[in-house]
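Enquirer: Chains A and B, in that order, give the protein sequences.
At position 259 of the first sequence the residue is numbered 259 (the numbering used here), and the sequence of numbers has no breaks.
At position 13 of the second sequence the residue is numbered 13 (the numbering used here), and the sequence of numbers has no breaks.
Hints are computed from structural coordinates only; laboratory data are not their basis.
The structure displayed is predicted, hence computed values, not measured ones.
By construction, the Cβ of each residue, glycine as well, lies at the ideal position given by its N, Cα and C atoms.
Please note that the accuracy of each hint is not assured.
[Said to hold, decoys possible] When the alpha-carbon atoms are kept at most 27 Å apart in a straight line, the in silico DSSO-like pairs for lysine-lysine are as follows:
| id | chain 1 | residue 1 | chain 2 | residue 2 |
| --- | --- | --- | --- | --- |
| 1 | A | Lys460 | A | Lys341 |
| 2 | A | Lys290 | B | Lys92 |
| 3 | A | Lys341 | B | Lys92 |
[Said to hold, decoys possible] Chain B regions said to be covered by chain A (calculated; three or more residues, Cβ under 8 Å):
| id | stretch |
| --- | --- |
| 4 | 41 to 53 |
| 5 | 83 to 95 |
Spelled out from the first residue to the last, the chains are:
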Amino acid sequence: MIDKTVAELSVALAAGDISSVELTQAYLDRIARYNDDLNAFITVCEESALDQAKAADLARANGDTSPLLGIPLAHKDIFCTKGITTTCGSRMLQNFVSPYDATVVERFSAAGTVMLGKTNMDEFAMGSSNETSFFGPVRNPWDLSRVPGGSSGGSAAAVAADLCAMATGTDTGGSIRQPAAFCGITGFKPSYGRVSRWGMIAFASSLDQAGSLSKSAEDAALMMNVMAGLDSKDSTSVDTEAVDYSATLNDSLEGLRIGIPKQHFAEGLSAEVESAIRTALLEYEKLGAKVKEISLPNNHLSVSAYYVVAPAEASANLSRYDGVRYGYRCENPVDLEDMYKRTRSEGFGDEVKRRIMVGTYALSAGFYDAYYRKAQKIRRLVKNDFTNAFKEVDVVIGPTSPHTAFELGANSDPVAMYLEDIYTIAVNLAGLPAISIPAGSANGLPIGMHIVAGDFEEAKLLNVAHQFQRQTDWHLSKPTTLGMGA
Amino acid sequence: MALDKSEVEKVAHLARLHISDAEVEEVTNRITDILVLIDQMQSVDTDAVEPLAHPLDAVQRLRVDVVTETNLRDELQSLAPHSQDGFYLVPKVLE
Numbered sequence: 001m002i003d004k005t006v007a008e009l010s011v012a013l014a015a016g017d018i019s020s021v022e023l024t025q026a027y028l029d030r031i032a033r034y035n036d037d038l039n040a041f042i043t044v045c046e047e048s049a050l051d052q053a054k055a056a057d058l059a060r061a062n063g064d065t066s067p068l069l070g071i072p073l074a075h076k077d078i079f080c081t082k083g084i085t086t087t088c089g090s091r092m093l094q095n096f097v098s099p100y101d102a103t104v105v106e107r108f109s110a111a112g113t114v115m116l117g118k119t120n121m122d123e124f125a126m127g128s129s130n131e132t133s134f135f136g137p138v139r140n141p142w143d144l145s146r147v148p149g150g151s152s153g154g155s156a157a158a159v160a161a162d163l164c165a166m167a168t169g170t171d172t173g174g175s176i177r178q179p180a181a182f183c184g185i186t187g188f189k190p191s192y193g194r195v196s197r198w199g200m201i202a203f204a205s206s207l208d209q210a211g212s213l214s215k216s217a218e219d220a221a222l223m224m225n226v227m228a229g230l231d232s233k234d235s236t237s238v239d240t241e242a243v244d245y246s247a248t249l250n251d252s253l254e255g256l257r258i259g260i261p262k263q264h265f266a267e268g269l270s271a272e273v274e275s276a277i278r279t280a281l282l283e284y285e286k287l288g289a290k291v292k293e294i295s296l297p298n299n300h301l302s303v304s305a306y307y308v309v310a311p312a313e314a315s316a317n318l319s320r321y322d323g324v325r326y327g328y329r330c331e332n333p334v335d336l337e338d339m340y341k342r343t344r345s346e347g348f349g350d351e352v353k354r355r356i357m358v359g360t361y362a363l364s365a366g367f368y369d370a371y372y373r374k375a376q377k378i379r380r381l382v383k384n385d386f387t388n389a390f391k392e393v394d395v396v397i398g399p400t401s402p403h404t405a406f407e408l409g410a411n412s413d414p415v416a417m418y419l420e421d422i423y424t425i426a427v428n429l430a431g432l433p434a435i436s437i438p439a440g441s442a443n444g445l446p447i448g449m450h451i452v453a454g455d456f457e458e459a460k461l462l463n464v465a466h467q468f469q470r471q472t473d474w475h476l477s478k479p480t481t482l483g484m485g486a
Numbered sequence: 001m002a003l004d005k006s007e008v009e010k011v012a013h014l015a016r017l018h019i020s021d022a023e024v025e026e027v028t029n030r031i032t033d034i035l036v037l038i039d040q041m042q043s044v045d046t047d048a049v050e051p052l053a054h055p056l057d058a059v060q061r062l063r064v065d066v067v068t069e070t071n072l073r074d075e076l077q078s079l080a081p082h083s084q085d086g087f088y089l090v091p092k093v094l095e
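Chain A with its partners taken away, still in its complex shape (with noise of 0.2 Å):
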């Protein structure tokens, strides 16, 4: 049952196949067989998970028929939980208890889902591998000496590993989706606002978004009837209209029209990704859909721009950790300032500490115009590309990263790294919402497809994905590690 789709247990747990209690309890039996391989999560909260699942089983048993009630999920460790340790994969917050939930926790809690656990990420979410966790890397459940992707890596290992049913994530550069390109799954990232980032600890506040991982499209559509909507804790949550996400699944495509970058389909991109993007699209044009060639011509600049605006952002956001008010603060300083740069020298490590320099230095007077205002324009004329697109076409289809999974420890050059996510980034300096599915494999390890759509059109994207999934079974394969497969 552990390795159903949400949608499938949803309808097991109304017809009364299994209760909560029983799913849950076989997650954290999981959890606590294999969490040593993939250190996928930071915290289990067993006591308080089987406590929710009963409360689940009760209030279905009184009438209550929320689709997600009694679902087991596990929240990236980003998220604050009343209660319970929020790290955000860093020393700073090893022993940080959050006095309120996220709007996010808040809303998964009041559809009756249970929280497995906290899972592992890269530290403030600064990372595309899960190595720079203070709580050490995740492995791949595909094959474990590889990453997972970051910096979501701890949700994308646990859903594809079935130790739960679904996962939350955040998404800044490519968070969400390249995680679960590299394992598998299904990565949702929304338009930028369309879910509350209140609780949610910042990284890039005009970057940042928070999203799904699951086994499938029609799955993030279930997550985002209860994720998504108006915030009036967040200042930028957007005020549209409530959309059930369900109900267009399954709207035909004929007549789509997709546009493919071919700045996506060059140099630096793996023969056998892109034989298998392409082949995905013959799927949809079998489907109805129309491929055709587009340019984004700013597209190579996104990561100079990205390299700029969210670190800048996050040396502001994370002035906030001075040992003071919050968090961890170094021993016996012998005066404020000492107190200030001990406190954050010990307690970030050094991927973080390299952004909050970099974003330093662009913020610093005679710097701003070179570096935040060019950074701004630069945006513009990214963000520009894609109106352009959508003028022609409905959505964008590329590879979402440029390979599969690599080695740990293959990539320590930071700046490589950054490159990691040259088909990611543009997304987010755009606001748009987009979607990483798997669509192939390669050695055996998956390959995943990257769809964007125009501003709010989540709809229509989650209908091109979860029509794709009801084409082919890339969705449903299973790594064979950790005592799954045959």
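Add chain B to chain A, keeping to what the hints say.
Expert: Showing chain B alone in chain A's frame:
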């Protein structure tokens, strides 16, 4: 653009980070590499381009100026490394 060690030390001070003598060369090299990547954007003429601060060009939503939060002082201060009598304690600032 290449940085020298003294600039890196100045930025570290602005960011309230301590960089040891042993680390400074490595940090300087890594940050210089990142600035080389960033400087690719200088190749494009953006004189006529309006900066994009928010992906949807949205402005902040306003609310009525009334008190909506309850006083959680004790709960929030219990998270502090050192606090006493409703104050946060830090190393002595004034003699």
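Enquirer: Against the 27 Å threshold, does the CA-CA distance of Lys290 of chain A and Lys92 of chain B hold or violate the hint?
Expert: violated, 69 Å
Enquirer: Is the coverage entry for the stretch 83 to 95 of chain B by chain A consistent with the three-residue Cβ rule at 8 Å?
Expert: Check passed, 5 qualifying residues.
Enquirer: Sort out whether Lys92 of chain B lies within 27 Å of Lys341 of chain A, counting only the CA atoms.
Expert: holds, 16 Å
Enquirer: Does Lys341 of chain A sit within 27 Å of Lys460 of chain A, going by the straight-line distance between their CA atoms?
Expert: violated, 48 Å
Enquirer: For the stretch 41 to 53 of chain B, do at least 3 residues have a Cβ located nearer than 8 Å to some Cβ of chain A?
Expert: Per the Cβ count (9), the hint holds.
The earlier numbered hints that this structure contradicts are 1, 2.
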